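Q: Could you put the whole structure together from the sequences, leaning on the hints where they help?
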Amino acid sequence: MRIGLRTGGALAIQATDLTLAYQQQPVLWDVDLEVPQGVLMAIVGPNGAGKTTLLRAVLGLLQPAAGEVLVFGQPYADQRRRVAYVPQRGSVDWDFPTTALDIVTMGTYGGLGWVRRPGTSERTRAAAALAQVGMESYADRQISQLSGGQQQRIFLARALVQDADVYLMDEPFQGVDATTERAIVELLRALRADGKTVVAVHHDLQTVTEYFDEVTLLNVRRIAGGPVDRVFTEENLRRTYGGRVAGIGGRAVGNDLEPSS
Amino acid sequence: MDVLGGLFVDHTLRTVALGSATLGIVSGALGAFAVLRRQALLGDAMSHAALPGVALAFLLTGSRAPLVLMLGAAIAGWLAAAAIVGVVRTSRVKVDSAMALTLSVFFGAGLVVLTFIQRQPAAGKAGLDKFLFGQAAAMLESDVITMVAVGAVGLFGLLALWKEFKLLSFDPDFAATLGIPTRRVDILLTSLLVIAIVVGLKTVGVVLMSAMVVAPGAAARQWTNRLGVMVTLSACFGAAAGVLGALLSTTAETSTGPTIVLVATGLVVVSLLFAPARGLVWARIRAWRSRRMLALEAVIADLASLAAQHGSNATHPHDIGALNAVRGRAVVERALTELAADGLARQHDTGGWSLTPRGLAEADRLARSRRAPGVAR
Numbered sequence: 003m004r005i006g007l008r009t010g011g012a013l014a015i016q017a018t019d020l021t022l023a024y025q026q027q028p029v030l031w032d033v034d035l036e037v038p039q040g041v042l043m044a045i046v047g048p049n050g051a052g053k054t055t056l057l058r059a060v061l062g063l064l065q066p067a068a069g070e071v072l073v074f075g076q077p078y079a080d081q082r083r084r085v086a087y088v089p090q091r092g093s094v095d096w097d098f099p100t101t102a103l104d105i106v107t108m109g110t111y112g113g114l115g116w117v118r119r120p121g122t123s124e125r126t127r128a129a130a131a132l133a134q135v136g137m138e139s140y141a142d143r144q145i146s147q148l149s150g151g152q153q154q155r156i157f158l159a160r161a162l163v164q165d166a167d168v169y170l171m172d173e174p175f176q177g178v179d180a181t182t183e184r185a186i187v188e189l190l191r192a193l194r195a196d197g198k199t200v201v202a203v204h205h206d207l208q209t210v211t212e213y214f215d216e217v218t219l220l221n222v223r224r225i226a227g228g229p230v231d232r233v234f235t236e237e238n239l240r241r242t243y244g245g246r247v248a249g250i251g252g253r254a255v256g257n258d259l260e261p262s263s
Numbered sequence: 003m004d005v006l007g008g009l010f011v012d013h014t015l016r017t018v019a020l021g022s023a024t025l026g027i028v029s030g031a032l033g034a035f036a037v038l039r040r041q042a043l044l045g046d047a048m049s050h051a052a053l054p055g056v057a058l059a060f061l062l063t064g065s066r067a068p069l070v071l072m073l074g075a076a077i078a079g080w081l082a083a084a085a086i087v088g089v090v091r092t093s094r095v096k097v098d099s100a101m102a103l104t105l106s107v108f109f110g111a112g113l114v115v116l117t118f119i120q121r122q123p124a125a126g127k128a129g130l131d132k133f134l135f136g137q138a139a140a141m142l143e144s145d146v147i148t149m150v151a152v153g154a155v156g157l158f159g160l161l162a163l164w165k166e167f168k169l170l171s172f173d174p175d176f177a178a179t180l181g182i183p184t185r186r187v188d189i190l191l192t193s194l195l196v197i198a199i200v201v202g203l204k205t206v207g208v209v210l211m212s213a214m215v216v217a218p219g220a221a222a223r224q225w226t227n228r229l230g231v232m233v234t235l236s237a238c239f240g241a242a243a244g245v246l247g248a249l250l251s252t253t254a255e256t257s258t259g260p261t262i263v264l265v266a267t268g269l270v271v272v273s274l275l276f277a278p279a280r281g282l283v284w285a286r287i288r289a290w291r292s293r294r295m296l297a298l299e300a301v302i303a304d305l306a307s308l309a310a311q312h313g314s315n316a317t318h319p320h321d322i323g324a325l326n327a328v329r330g331r332a333v334v335e336r337a338l339t340e341l342a343a344d345g346l347a348r349q350h351d352t353g354g355w356s357l358t359p360r361g362l363a364e365a366d367r368l369a370r371s372r373r374a375p376g377v378a379r
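Protein sequence lines, in the order shown, are assigned to chains D and C. Under the working numbering, read the first sequence as residues 3 to 263, first letter to last. Under the working numbering, read the second sequence as residues 3 to 379, first letter to last.
In silico SDA-like pairs for lysine to any residue, Cα to Cα no more than 25 Å straight-line: (1) Lys165(C) <-> Gln147(D); (2) Lys165(C) <-> Arg82(D); (3) Lys165(C) <-> Thr184(C); (4) Lys96(C) <-> Ala67(D); (5) Lys165(C) <-> Val117(D); (6) Lys165(C) <-> Pro120(D); (7) Lys96(C) <-> Leu63(D); (8) Lys165(C) <-> Leu64(D).
Listed next, the stretches of chain D that the computed footprint assigns to chain C, with coverage defined by at least 3 CB atoms under 8 Å from CB atoms of chain C: (9) 79-87; (10) 94-100.
If you anchor each label on the Cβ, the simulated ranges turn out as follows: (11) Arg94(C) <-> Val117(D): 34 to 40 Å; (12) Ala84(C) <-> Gln27(D): 25 to 31 Å; (13) Asp179(D) <-> Arg291(C): 25 to 31 Å; (14) Arg143(D) <-> Ile189(C): 29 to 35 Å; (15) Ser149(D) <-> Arg94(C): 37 to 43 Å; (16) Trp116(D) <-> Thr117(C): 44 to 50 Å; (17) Gly40(D) <-> Ile189(C): 38 to 44 Å; (18) Leu275(C) <-> Thr211(D): 54 to 60 Å.
Because the hints were derived from the structure by calculation, they are not lab data. Small disclaimer: the values here were computed from a predicted structure and weren't measured. Beta carbons are placed, not taken as given, at the ideal position from N, Cα and C, and that holds for glycine.
A: Listed below in C-alpha cells is the structure:
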C-alpha cells in the first residue's frame with residue numbers, strides 16, 4: 003500500500019557529509035551513505051570505525067555536527083514510521099520483568115499514540131511476528147530465560163511488527179548460534195523479496211559476499227561503498243583495516259584486525 | 003492486638019494508618035520504576051534535597067499547610083534532579099559524584115535554614131525538624147487529605163503513560179526511534195518520582211525516604227516476572243511497610259521513618275531469601291540437589307563400567323575402594339546408600355557392590371540421554 007507512495011528512484015537512505023565527534027575526537031568524518039531500495043547492505047569496518055554511530059546518527063539518536071539524512075528523499079523525522087531499528091542485543095537489560103510477546107508488542111507502540119494501550123489486534127500482530135522468527139512457543143517466556151539467539155530473534159520480531167520499509171540492524175548476527183544465523187539470513191532474504199531494504203552492521207568478513215548485495219566499508223571515513231562484487235576487494239579491505247588482510251577468498255575475519263593508527 | 007483494635011475506634015491511629023498506607027502505595031508503585039531504571043540513588047539525592055525546599059517554603063510563607071511544604075519539597079527535589087543531569091551533561095563529572103555533591107549541598111543548605119528557623123522566636127515553627135526522621139504521630143487529617151490528593155495525581159500519571167514509561171525503562175533508544183520524546187517522558191517520570199517522595203516526606207523523613215522508594219520495588223521484583231504484577235505488589239509492600247511501621251512507631255514511641263524502613267527491609271530480606279524463582283534459599287537447594295543427582299549418576303556410570311569389564315556376570319560384586327579414591331568416600335557412600343534404597347544397587351555379603359538389573363537398565367538409559375543428540379556411537 004505504501005509502495006505506491008514511494009518517490010520514483012529515491013534512495014532508501016541517503017546520508018550526506020555526516021560528521022560526528024565525541025569531545026573533539028571525530029567518530030564519523032564526512033561520511034556519505036547511499037542505500038538503494040530493496041537491497042541487503044552490510045556496514046563493515048574495524049572496531050571503533052563508527053559503524054554503530056553511523057546507524058544511530060541516521061536514526062537521529064545522535065546529533066551530527068554536520069550532515070543530512072534523507073529517507074526516501076525526505077527528512078527522517080517525517081519518515082520515521084518507515085524505518086525500523088534493531089539495536090545491539092547487549093544494549094538493554096534482559097532482566098526486565100516482561101515476556102517475549104510483550105517485547106515484540108512494543109513494536110506496535112509507534113502507531114498507538116499517547117496513552118492508548120495495545121489491544122487484541124496489536125497482540126495478534128506481535129504473535130504473528132514471533133511466529134515469523136520461529137519463536138511462537140516462547141511467547142510467555144520471561145526474556146532473561148531466552149538464549150542469546152532467541153533474544154536476537156525477539157528484537158527482529160519487534161522490528162517486523164513495525165512493518166517498515168527500511169530495517170537498520172546493529173550486529174544482528176552477534177553471538178547467535180548457527181541455527182539462528184541461518185534463520186536470520188532467511189528472514190533478511192524474505193524482507194528483500196518483499197521489496198524491503200536492510201542495512202546491517204556486520205563483523206564477519208567471511209559471510210559478507212554470501213549474505214549481502216551491497217557493502218559500505220567504514221573507518222571513520224567512508225572508504226568505499228557499492229555492490230559487493232565490485233567493492234569488497236582485498237585492496238579496499240586493506241584500506242579499511244590497515245595492514246595486511248590475508249586471503250579474502252574466505253579466511254579473513256574482521257574481529258581480529260585492528261585499525262591502523 | 004491493642005493496635006489493631008484501636009484502629010477502628012482511635013481516630014489518630016486511623017489517620018496515621020490511612021496516611022502511611024497512601025505514602026506506601028505511591029512510593030511503592032513509582033519506586034518500582036526507579037528500581038528498574040537503576041535510579042535508587044537519584045531517589046536518595048532528591049529526598050535529601052527536598053529539605054531546603056520544606057524549610058524555605060515555611061520561611062517564605064510562614065505557613066505549615068501540608069500542600070505548601072510539599073510544593074517547596076517538590077521544587078527543591080526537582081531542581082536537584084535537574085542539577086545532577088546538568089552537571090553530568092556539561093562536565094566530565096560522573097553521575098555518582100554529581101549525585102553525592104548535589105545531595106550534600108542541598109541537604110546542608112536545608113540544615114542551615116532549619117537551624118535558622120529554630121532560633122526564630124516566631125510561633126508555629128515546631129515540627130519542622132520532624133522532617134528529618136519523620137513522625138507519623140504528628141499526622142493530621144489535613145496531611146492525609148493532601149497526601150491522598152497528591153498521591154492520586156502521581157498514580158494517575160503512571161497509569162496514563164504506562165506504555166511510554168515501560169518502553170523508556172526497557173529500551174530508551176528504541177522508544178526514541180518510534181518518535182516518543184524520550185527526554186520529556188524521562189523528565190515526567192522523574193517528576194512523578196518527586197511526587198512519590200514528597201508524599202511520604204513528613205511521615206518518613208528526608209533521610210530515609212529513599213528506602214521507601216527502593217525497598218518495596220526491590221522486594222516485589224523477586225516474586226514476579228511481570229511489570230504490572232511487580233508494580234502492584236510493590237505498592238502493596240509499600241502500604242504494608244508504611245502502616246505496620248507507622249503503627250509500631252506510634253505505640254512504641256520510636257521515630258517513624260526508621261521503623262517503617264526496618265519493616266520494609268524485613269520484606270526485602272524475606273523476598274531475597276524465599277521468593278520462589280529467585281530466592282537464595284531455593285537456589286541453594288536446587289544447586290545442592292543437582293550436585294547430588296550428578297554424583298548419583300556418576301556412581302551409577304562407574305558401577306556400570308566396572309560391570310562391563312567383568313563380562314558375562316554383570317551383577318558380580320566389586321570392591322569400591324577405587325571409586326572412593328576417585329570421587330571421595332563420603333560422596334560414594336551417600337550415593338550408594340540412595341541407590342540401594344531405590345533398588346538400583348546392592349551390597350553383597352562380601353562387602354562389594356554391584357548394580358541390580360534395574361540399576362543396569364538405568365545406567366544404560368542415562369548413558370543414552372547424556373550423549374549429545376545426533377552423535378552416532
